[in-house]
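Those protein sequence lines, which keep their order, are chains A and B. Residue numbers are given in full-length UniProt numbering: position 64 of the first sequence equals residue 64, and the series is strictly consecutive. Residue numbers are given in full-length UniProt numbering: position 57 of the second sequence equals residue 57, and the series is strictly consecutive.
It is worth saying that the hints were derived from the structure and are not from the lab. Any given hint could turn out to be false.
Remember, identical chains collapse to one label, so a pair may be satisfied in a single copy or spanning two.
In silico DSS-like pairs for lysine-lysine, Cα to Cα no more than 27 angstroms straight-line [as the list claims (entries may be wrong)]:
(1) Lys47 <-> Lys96
(2) Lys96 <-> Lys4
(3) Lys33 <-> Lys96
(4) Lys4 <-> Lys71
(5) Lys16 <-> Lys33
(6) Lys71 <-> Lys47
(7) Lys47 <-> Lys4
(8) Lys47 <-> Lys16
For reference, the chains in residue letters:
2 protein chains.
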Amino acid sequence: MQMKNVFIHHVYFWLKNADSSEDLADLVAGLEKLTACTTIQQYHIGKPAATSRDVIDGSYAVSWCLFFANKVDQDAYQTDAMHLHFIDTCQHLWNKVVVYDSVDV
Amino acid sequence: MQMKNVFIHHVYFWLKNADSSEDLADLVAGLEKLTACTTIQQYHIGKPAATSRDVIDGSYAVSWCLFFANKVDQDAYQTDAMHLHFIDTCQHLWNKVVVYDSVDV
Numbered sequence: 001m002q003m004k005n006v007f008i009h010h011v012y013f014w015l016k017n018a019d020s021s022e023d024l025a026d027l028v029a030g031l032e033k034l035t036a037c038t039t040i041q042q043y044h045i046g047k048p049a050a051t052s053r054d055v056i057d058g059s060y061a062v063s064w065c066l067f068f069a070n071k072v073d074q075d076a077y078q079t080d081a082m083h084l085h086f087i088d089t090c091q092h093l094w095n096k097v098v099v100y101d102s103v104d105v
Numbered sequence: 001m002q003m004k005n006v007f008i009h010h011v012y013f014w015l016k017n018a019d020s021s022e023d024l025a026d027l028v029a030g031l032e033k034l035t036a037c038t039t040i041q042q043y044h045i046g047k048p049a050a051t052s053r054d055v056i057d058g059s060y061a062v063s064w065c066l067f068f069a070n071k072v073d074q075d076a077y078q079t080d081a082m083h084l085h086f087i088d089t090c091q092h093l094w095n096k097v098v099v100y101d102s103v104d105v
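If we strip away everything but chain A, and leave its shape as in the complex, we get (with noise of 0.2 angstroms):
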């Protein structure tokens, strides 16, 4: 089935402390809360699947993705109270993040 009329936020996140089980709890938890944002229509929160190619980056930690009905809802999620929130409160966690941004081609 296509998804369509979609806004998908995909964020990778890789640990400070990659061996840190108590690290990866944490950030796991700050997305759970950070579910109640009422613009995401859709969201998974996921680890590295255990494939193994040239072309697969299985380094991160915690992927992040999430289904916006558009631009307008992503943005606001951006400077929602608790987005900030996620960021105050997890930002330590984390040494890398790279997102991909797509919109329907």
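Given the coordinates of chain A, assemble chain B onto it according to the supplied hints.
For chain B alone, kept in the frame of chain A given last:
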């Protein structure tokens, strides 16, 4: 709404001829054919959104976001004749591919 029990296979393509709208159209057409693979549950063909922050990588040409039921289905997709045909006929179009595979945390 939370997406659970999924395998997300998210591929980002960079075109060899970054400014070629014809090559872009050929790649999208190839992906559209590939959506006939029966193991694909949901898919989105995307382009970079009009967002810009330090953490955002908007340099890719096409986002190919696939949802599978599980790793077995994704593995089957990798060797599906339609997928191999897509690689054969379209790989001359890109010069970089990055893949992130994610499962439920």
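**Request:** Tell me, please, which holds for Lys4 and Lys71 at an alpha-carbon limit of 27 angstroms: within, between, both or neither?
**Result:** both (13 angstroms within a copy, 24 angstroms between copies)
**Message:** Reference check for the pair Lys96 and Lys4, CA-CA at most 27 angstroms: within, between, both, or neither?
**Reply:** Intra 30 angstroms, inter 25 angstroms, cutoff 27 angstroms: inter-copy only.
**Message:** When Cα atoms must be at most 27 angstroms apart, do Lys47 and Lys96 count as within-copy, between-copy, both, or neither?
**Reply:** Both: 15 angstroms inside a copy, 23 angstroms across copies.
**Request:** Tell me, please, which holds for Lys33 and Lys96 at an alpha-carbon limit of 27 angstroms: within, between, both or neither?
**Result:** Classified as within: same-chain Cα gap 21 angstroms, cross-chain 35 angstroms, threshold 27 angstroms.
**Asked** Is the C-alpha distance from Lys47 to Lys16 at most 27 angstroms within one copy, between copies, in both cases, or in neither?
**Response** Answer is within; shortest intra-copy Cα gap is 16 angstroms, inter-copy 30 angstroms.
**Prompt:** Using 27 angstroms as the alpha-carbon threshold, which applies to Lys47 and Lys4: within, between, both, or neither?
**Reply:** For Lys47 and Lys4, the Cα distance is within 27 angstroms both inside one copy (25 angstroms) and across copies (12 angstroms).
**Asked** Are the CA atoms of Lys16 and Lys33 at most 27 angstroms apart within a copy, between copies, both, or neither?
**Response** Close inside one copy (21 angstroms), not across copies (41 angstroms); limit 27 angstroms.
**Request:** With 27 angstroms as the alpha-carbon cut-off, assign the pair Lys71 and Lys47 to within, between, both or neither.
**Result:** Both. Shortest intra-copy (26 angstroms) and inter-copy (13 angstroms) distances satisfy the 27 angstroms Cα cut-off.
Checked against the numbered hints given earlier, this structure breaks none of them.
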